Every structure is written in structure tokens, then in C-alpha cells.
Amino acid sequence: MLTQLFKIMWRRKGSNFLLLTEIFFSFLVLFATGTLITEGLINYFSPQGFDHTDVYDVRINRQGEGNPESFPKMQQIDQVLKGFPEISNYSFTDVNTPFSFNIMDGSIGTEEQQVRSYNYRVEPAYLETLDLEMAEGSWFQKGDVRIPKPVVINEHLRDKLFPGESALGKRIKSDGGTEYQVTGVVKHFRQDGNLTAPESSYFVMYNDKDTADIAGNILLEIKAGAHPAWQQNLIDQLQEIGGSWSIDLVPLTEARASKAKIKVIPAIALAVVCGFLIFNVALGLFGVLYYNINKRYSEIGIRRALGATATAVRRQMLGEVLVMATLGVSLGVLLALQFPLLGVMNVETYIYLIANAAALLLIYLLVALCAWFPSKQAAQIEPAIALHYD
Amino acid sequence: MILLSNIEKVYRTSSIQTLALRNVNLAVAKGEFLSIMGPSGCGKSTLLNIMGLLDAPSGGTIKLDGQTVSNLPDQKLAKIRNEKLGFIFQSYHLITDLNVIDNVELPLIYRNVSASERKKRAMEALEKVGLSARTKHYPNQLSGGQRQRVAIARAIVGRPEVILADEPTGNLDSVMGDEVMNILLQLNQQDGTTIVMVTHDEAQALRTQRLLRFFDGQPVNTESYATQLS
Ligand SMILES: Nc1ncnc2c1ncn2[C@@H]1O[C@H](COP(=O)(O)OP(=O)(O)OP(=O)(O)O)[C@@H](O)[C@H]1O
Ligand SMILES: [Mg+2]
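Protein chains in written order, with our numbering: chain C, 9 to 398; chain R, 1262 to 1491.
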């Protein structure tokens, strides 16, 4: 039975080639879209390494005012924040706060290897304000003036620079020439949280005695259940100190929402394209399979006349199609395996593997579904009628 | 052997209804060679298909070997077609993508016979029809007469009790036709196979035991002859 099946399929290599090609390209389409979808989903569901609930971003625009004039104002602001009852933690930072549209990046690393990395200048209280999680070592302490300066890196950067080993005590140098010593490693952290892929980051400390080194933003963690009146109250007090400065208070949840909007639009567009592609793949497969099976009514009639049950006929049709699917998909997998080897789409290997498995599953499902209906129809027709097709 | 009682067959298409068989009663005895003649469209093929369980009648009952088979489920019908019946068609109905021996083996495939046994029995059947030298050919590499002999080999490979032949010589010239006819007569007389054959050839019909004349969905009379091998 099986050898006969293969003989027939070999003799029909012409029309089977069409089906094979269709399955091969369908697999590639599903694999590529599957990779993008898997990556997005994994990012979304993996921990973002910080907790932004009840955290607010104070965005200060000094309207070009010079550092010497601004410095005492910042110190006054520091005093106000210290005495503000609703604030549990706060940290001065550069403008690249979580979910903001500002980034700061540069290269950092050892003599052997430099890694493109995002960097954050923050105060020690940044740790508590955003509830960062330490993977090893410790965060920096206020007043730490060690040379080389302490730096905290995230796991992603550690795994690039020091794969498989501890980063603690290692010395790294930024492209600006400053030397740092790693005191700790934080988990997961990335600026846009679960809206983005893992990325390399490092944190260095503000020198709060330095008049040349003035923060652009302040992150505040507010005590849960604080009366909303604190917001206006705070802005009024800060505005009074800042004078001509413009000051905005933005909840991080809101910042995240506007960031998400920008990331979601292309994601939706992609999803629509994917949906359309999958629909097309299904339609194409159905067409080819329907055509292939309909062409064989006379053969089906002959087999039924010679003693094949309807079930046997249906099984044969499905079996042939599944063999073709396996062939087409094998070629597809062979090509898909080149993706991680050649770094085509710049995602982690395990994501390719997941996408590969998902595409396989979907192809078999689609093929089985698309073959099932015409096979069933072909098997049900009376043998005498089937014999009339030629 | 075959007993048809009150068989009716109505074909319904969206616009017309054709009464292809009207109240047919017919008994075919074991070991008989029956031929059926009649004008085109009178229902001969329909009758043969219904006898061969390839089509369901709209009414009436069919008995094979005393067993009522008109209402059996597909599984049982397939088994009967496979074991008791052999078919020969005017247009041969070989599977074009299988070679001669694979075509002949087909009925045995649905019977779980081992590959070596299948090969052996297919070769025997091909020898009987004088085609043992062409086992690796594909149907499109054979003449019409050779194709029909392959079809006969396929019909007899499972040693059925009944062979149903629908114009088996219809596409063949008279020499080839006679050759096929001789094979059928031999099967009937030497192996005792019951044969029902539809034909348009009076001379061939005269060589069978009994001729049934069919008109407009009904038998109109039957004539008996002494059969002879030429
Ligand atoms: N599948 C079908 N659908 C509708 N009508 C059919 C079908 N098959 C046969 N018929 C009709 O049934 C009648 C009998 O057809 P059948 O094929 O049995 O004739 P026949 O005696 O074998 O003719 P011929 O000698 O030309 O082969 C015809 O009128 C035909 O049009
Ligand atoms: Mg006919």
C-alpha cells in the first residue's frame, strides 16, 4: 500500500511539485511572521525589571538657563522633595527616563570587547524609586567617591561582556574614556519595559556636588492612596523655585501608554498583514488540494470498485498530502535553520525555534484541514458516479 | 447467485428526473454467462452498476448468494465488491500512474495480502490473459486490447465469483474483441465464474448462454443459446 502510494506520488511529481512549492512558501511566510509575533509576545510577557506604578516623571526644561544659576535652584527643589509627605522615594536622573522619547547610548566594555549600550545617570534612590531587582552585587551608595567610579550593569550587558561569569569587580571603560568598576548587576532592565526587546544598559551615579552636572528629570515614587491634590501643590512649589522654567509632571503609566500607542500601530499593521498572509496561505492550499483531489475522481471510483472503503480512500488522500507537507516543510526548515546562523532577523535563536515549531504545527493543521474536506467529499461520492469523471 | 427484485433507479438533476430503471426483476444463476443488449440510454450500465454495488438503487432489493445487500454499510459493501465481484469497463479504467502489475495487484491491496503473494497472483492472472511480458509497462504504453486484458487480469486476480463487464469489447476492433470474448468464455466455462456482460455486438451475445434484451429501463425478453468456445 505504502510503496504504491509513493510510486503514484513520484509519477505525479509534476502536479505534486506545485503543492510542494505552495507548502514550502507557506511555511516560510508563517515562520517569518511567527518569529516577529513570538518576539513581541515574549517581550511583552517577560519581566521588565522595574515597577512604574505610582511613579511620576518631573520633566524640567530650564529654557536655556546656565548651570551656575540653575544649581542652587535644584538644591532648593531637593529640599522641597525631601519634606514632601506624599513622596516615598525620588531620584534625579538624566532625561532618558523610562518610556520617554529620549535615549542616551554609547559603547562600553573591556579592552577586547565594546558593546553598544544605553546609559543612565541616576541617584542611589533610583533603586527604590523604580524597585529595580539586583541579580548580583549591590547598587551604589550615596557619597561613594571611589576611583574607578562604581557602575551597575544589567544582565544583558553582563552576558555580552562576561558570559558565564560574575561581573563583580570587573573594570570597564566607556567610549568617553571614563573607567568604571562593576559593583552590581540588575535583572531584566530595559527602558521601554515589556514594550521592547532585551537591551544592554548601565547605570552611573550623579555627582551631586558638581555644578556642571545638572539633572533634567526627577522620578518620584508616591505613597499609595495619596490625595491627588499633591500634584498641583508640588507643581506650584517647584514652579515658584524655577521661575521661568517649564515643569511637567507625567505619570509613568501615562508615558507608557503613549509609547505603547506608537509601538502598537505597527504591531497591528503587522498582525493584519500576518492574518492576510495566513488567510492567503490557507486559500492557496485549499485551492491546490481541492484541484488535485478533484482530478482524481476517476481513480477514486476505480479504487472503490475494487474494494476500497470510503475511509480508505480518505486516508489515502490525506496521507499523500501529509507526505507532501512533510517534504515541503522539511525544505522550509532547512532554510529556516539558516536564519539564526546568518543572523537574518536579529532575534535570539530560541525565538526562531519557537516560531519554527509554531509554523510547523500551523502548516500541518492547515494542510490537514484543507485536505480533509475535499477528501471527504471525494470519498463519499458513489463509485459509479466517480467512474464517470475522466 | 444474483437476484434483483423490483429495482428502480431515478436520477435527479436540478431540472430533470430520469427513470433509468423501472421495476426490474432479474435472476442470474450461478455459473451463468448472461449478456444484455439494448439501445443506448436504456439503462444497461445503470443496471450493471447496481448489481455491482457501485450505485444504490432508488427502490427494490438485491440479493447476492441469498444475502440481502441493498442496505449494507459502506464497509460491508466494499468487502463484497472486493471479494465477490470483478469489474471490466468499456474504457478500461486502469490507474494511469501505476504500471501493469501494480494495477493488477490493486484488489489484493484492499485484502491485506502480502507483497510477494500479490506479485505471484498478479503474474498468474496476467499469464491467463497472455500479458505476462508487459508487467512494467504503463497503461498509456499499451494498445486498447492489451489494456482491456490488463483490466480482465485485475478483475480475476481476486478470484471473484461474479464478473460484471460493461461493453468490454466496445472500444476494440473485431479481432481484439474476439480475443477478449474468448478469455471471458474460458473464465466462465473452465473456472465456473458467473458473468454478466453488456454488449452492442449481436455476434458476441449469441455466444453467451442467455441474452436479455433491455428497452427503456426494463427487460423485454430473454433468449437462451448453447455457448461455444470458438
Ligand atoms: N449520473 C447520472 N445522472 C443523471 N442521469 C443519468 C446518470 N447516469 C445515467 N443517467 C441516465 O440514465 C439513463 C440510462 O443510462 P445508462 O448509462 O444506464 O444507459 P446505457 O444503457 O448504459 O447506455 P449506453 O449503451 O449508451 O452505454 C440515461 O437516460 C442516462 O441519461
Ligand atoms: Mg452504458
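The set of hints was computed from the structure by calculation and includes no laboratory data. Treat the hints with caution; some may be incorrect.
[To be verified] List of simulated lysine-lysine pairs, DSS-like, C-alpha gap at most 25 Å: (1) 21(C) / 1397(R); (2) 1381(R) / 1397(R); (3) 1340(R) / 1397(R); (4) 1380(R) / 15(C); (5) 150(C) / 168(C); (6) 384(C) / 1291(R); (7) 1337(R) / 1389(R); (8) 384(C) / 1337(R); (9) 81(C) / 150(C); (10) 90(C) / 195(C); (11) 15(C) / 271(C); (12) 181(C) / 231(C); (13) 157(C) / 195(C); (14) 195(C) / 181(C); (15) 1397(R) / 15(C); (16) 178(C) / 168(C); (17) 157(C) / 168(C); (18) 1381(R) / 15(C).
These numbers were taken from a predicted model, which means no experiment stands behind them.
Going down the list of hints, with the structure as the test:
Distance check on the hinted pair: residue 21(C) and residue 1397(R) sit about 19 Å apart at the alpha-carbon level, within 25 Å; holds. For a cut-off of 25 Å, the pair hint linking residue 1381(R) to residue 1397(R) stands: about 15 Å separates their Cα positions. Between residue 1340(R) and residue 1397(R), the direct Cα distance comes to roughly 28 Å. Violation of the 25 Å bound is thereby established for this hinted pair. This hinted pair checks out: residue 1380(R) and residue 15(C) have alpha carbons roughly 16 Å apart, not beyond 25 Å.
A hinted pair counts as satisfied when its Cα atoms are at most 25 Å apart, and residue 150(C) with residue 168(C) does not qualify at roughly 28 Å. The hinted pair formed by residue 384(C) and residue 1291(R) fails the criterion: a straight-line CA distance of about 37 Å is larger than 25 Å. For the given pair, residue 1337(R) sits about 29 Å from residue 1389(R) by alpha-carbon distance, which is inconsistent with the 25 Å threshold. Only pairs whose Cα atoms come within 25 Å are accepted, and residue 384(C) paired with residue 1337(R) is accepted, the gap being roughly 19 Å.
Note on residue 81(C) and residue 150(C): the hinted pairing holds, with a Cα-Cα distance of about 21 Å set against a maximum of 25 Å. Restraint check: the Cα-Cα separation between residue 90(C) and residue 195(C) comes to about 28 Å, which exceeds 25 Å; the hinted pair is violated. Among the hinted pairs, residue 15(C) with residue 271(C) is inconsistent with the structure: their alpha-carbon atoms are about 52 Å apart, more than 25 Å. Note on residue 181(C) and residue 231(C): the hinted pairing is violated, with a Cα-Cα distance of about 38 Å set against a maximum of 25 Å.
In summary, the hint linking residue 157(C) to residue 195(C) is supported, as the alpha carbons are separated by about 21 Å, within the 25 Å threshold. The suggested pairing of residue 195(C) with residue 181(C) holds, with an alpha-carbon distance near 21 Å, which does not exceed 25 Å. For the suggested pair residue 1397(R) and residue 15(C), the alpha carbons sit about 13 Å apart, so the restraint of at most 25 Å is met. Taking the CA atoms of residue 178(C) and residue 168(C), the gap is near 13 Å; set against the 25 Å cutoff, the hint holds.
A hinted pair counts as satisfied when its Cα atoms are at most 25 Å apart, and residue 157(C) with residue 168(C) qualifies at roughly 21 Å. Taking the CA atoms of residue 1381(R) and residue 15(C), the gap is about 19 Å. The hint holds against a cut of 25 Å.
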